[in-house]
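K.L.:
Sequence:
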Amino acid sequence: MSKKLLAALAAVLSLGGLAPAHGQQTAPSPAGIAIIPQPVRLVPGTGSFAITPATKIYVGPKNDELRRIGQSLSEEIGRATGVTPPVVAAAPGKQGTGYIQLTLAQPVDTLGTEGYTLSVQPTRVVVAARQPQGLYLGTQTIRQLLPAQRTPGASLPAVEVADKPRYSWRGMHLDVSRHFFPVEFVKQYIDYLALHKMNTFHWHLTDDQGWRIEIKKYPQLTSVGGYREGTLIGHYGAKVPEYDNVRYGGFYTQEQVKEVVKYAQDRYITVVPEIEMPGHALAALTAYPALSCTGGPFKVGQTWGVYDDIFCAGNEQTFAFLQDVLTEIMPLFPSKIVHIGGDEAPKTRWKTCPKCQARIKAEHLKDEHELQSYFVQRMEKFVNAKGKTIMGWDEILEGGLAPNAAVMSWRGMEGGTAAAKQKHQVVMTPGEFVYFDHAQGDASLEPLNIGGYLPLEKVYSFEPTPPELTADERPYILGAQANLWTEYVPTEQQVEYMVLPRMSALAEVLWTPASQKNWESFKVRMQPQYQRFAALGANYARSAFNARQQFVPDTTQGGIEQQAHHVAT
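With positions in the sequence shown counted from 1, the corresponding number in our numbering is that position plus 49.
What the hints contain is simulated information worked out from the structure, not anything from laboratory work.
Bear in mind that the values here come from a model prediction, so they are computed numbers and not experimental data.
Please note that the accuracy of each hint is not assured.
In the SDA-like style, the derived pairs of lysine to any residue whose C-alpha atoms are separated by at most 25 Å in a straight line are [to be verified]:
hint : residue 1 : residue 2
1    : LYS430    : LYS507
2    : LYS311    : LYS470
3    : LYS430    : GLU444
4    : LYS430    : TYR267
5    : LYS437    : HIS413
6    : LYS111    : PRO171
With the hints as extra help, turn the sequences into a complete structure.
P.N.:
Pasting the structure below:
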């Protein structure tokens with residue numbers, strides 16, 4: 050990278066560093082520039098860069114990773130303009146113009162692993178970053194500068210961008226146990242994450258209603274535990290539940306898992322597997338009932354909710370089984386984190402189980418909550434010995450937290466706050482703000498869902514870092530994620546409906562500095578994003594355009610006035 054270009058990028062960054070100038074508010078982006086998440090620093094220029102048949106993408110010599118990033122960008126440009134620029138493994142000539150360059154450089158130390166700079170001038174486009182991951186994220190910004198619909202002769206508006214994320218964990222979760230989704234759709238889901246600069250895919254692979262990953266040592270986990278003999282019709286909690294009596298299931302082979310992980314890696318997204326323990330284990334217990342407290346028999350769950358039968362904590366076979374399972378799973382996932390669940394584990398069976406009670410006595414434990422802590426800490430030692438770290442839902446705080454465990458706080462912010470104060474890493478995922486299985490619009494217009502109400506604006510209002518944390522405690526908040534539980538999400542189209550556009554709001558929460566968030570600006574910038582979803586064929590929710598009624602006091606007539614208006618929800 051030339052010294053002249055580095056100086057130009059440094060000038061962009063020197064305009065107040067990576068933050069707005071003192072007193073500056075983030076206003077709606079200039080016409081034609083609508084980036085989500087909003088970059089940390091964006092300065093519009095004059096003119097535009099024309100994409101023509103002569104345009105080339107230069108990635109430098111002998112770097113296959115950059116070539117792959119360049120090829121991905123070329124394909125996106127081709128979809129948007131009809132021109133697919135060739136990727137050249139060389140540096141552009143000193144006098145060259147009309148090119149796009151991806152370059153590894155040291156533009157600014159504060160950009161970190163995922164930061165990048167982007168300079169779009171009428172003569173050239175340059176993306177610079179310290180790491181390939183930053184370059185890839187920079188190309189996602191270019192993608193949003195392109196027209197959402199195919200437009201021959203399109204150009205990129207001149208702009209200078211300096212950007213980096215606020216949080217290191219920017220995640221989306223997908224439950225494939227309650228309803229199973231094929232590999233190709235999981236890849237599509239990952240593509241949605243990439244578009245939003247998300248970097249973590251939490252893959253919920255096991256639960257009461259189905260075991261979804263091949264374990265070669267225990268084939269019945271998938272042949273038996275991977276299928277249920279029917280599924281609840283309608284909403285959970287009906288006095289007389291009805292079932293469709295249709296065999297339902299599926300699972301991923303280990304080769305398919307590798308395929309998904311590689312697909313995510315190519316987009317700089319880490320796949321975090323979740324294997325539930327000690328609760329949400331009915332599918333596994335149906336396959337291997339000896340691992341329960343009662344010995345069964347069981348049926349793979351056909352309804353939702355929480356089941357009393359969980360792994361027996363007093364049985365040594367349970368720990369041998371789970372260690373065998375994780376021994377097969379961990380090499381499939383480069384992630385340093387293994388999620389072990391830990392939530393909603395009723396102690397009903399443990400209280401009357403001779404083996405569990407004997408374990409409590411032998412280990413000098415106070416009660417069944419401490420028995421769960423023993424369970425988690427024992428699994429943690431095994432996982433740590435393999436060079437990885439466990440994460441669990443905030444119930445793992447009960448009875449004492451395992452020494453190195455990370456916490457995913459879902460029952461509000463309190464669990465995450467407590468864990469951070471104990472110097473544990475935390476991912477915030479409170480149901481109030483980021484449970485995307487909740488309704489997002491008028492209940493009469495929404496498909497069947499679990500309940501709750503989580504409109505787009507409320508997602509956007511989410512603040513993952515609790516104000517009561519000190520400056521020393523705040524870094525333990527890694528970030529946040531949204532969860533999509535699929536009890537009432539049986540199809541690919543409904544998955545898209547539940548996560549889009551709310552994923553866009555969360556992406557900005559996790560990337561853009563809190564002081565620069567602006568709901569009015571976000572609504573404006575969402576307009577081309579909706580067009581982009583449509584171009585991708587995504588079944589995004591239109592709830593933000595629903596008309597809503599409001600009843601307000603009528604001070605002139607002494608009654609109540611009904612107002613109907615469109616609001617972004």
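K.L.:
Under the criterion that the straight-line Cα-Cα distance not exceed 25 Å, is the pair LYS430, GLU444 satisfied?
P.N.:
holds (18 Å)
K.L.:
Is it true that the CA of LYS311 sits at most 25 Å from the CA of LYS470?
P.N.:
Not OK: LYS311 and LYS470 at ~36 Å, beyond 25 Å, violated.
K.L.:
Verify the proposed pairing of LYS111 with PRO171, using a straight-line Cα cut of 25 Å.
P.N.:
Cα-Cα ~28 Å, so violated.
K.L.:
Decide if the proposed pair is consistent with the structure: LYS430 and LYS507, CA atoms, cutoff 25 Å inclusive.
P.N.:
violated (39 Å)
K.L.:
Would you mind confirming whether the straight-line C-alpha gap from LYS430 to TYR267 stays at or under 25 Å?
P.N.:
holds (23 Å)
K.L.:
Taking only the CA atoms, is the gap from LYS437 to HIS413 under or equal to 25 Å?
P.N.:
violated (28 Å)
The structure is inconsistent with the numbered hints 1, 2, 5 and 6, although it conforms to all the rest.
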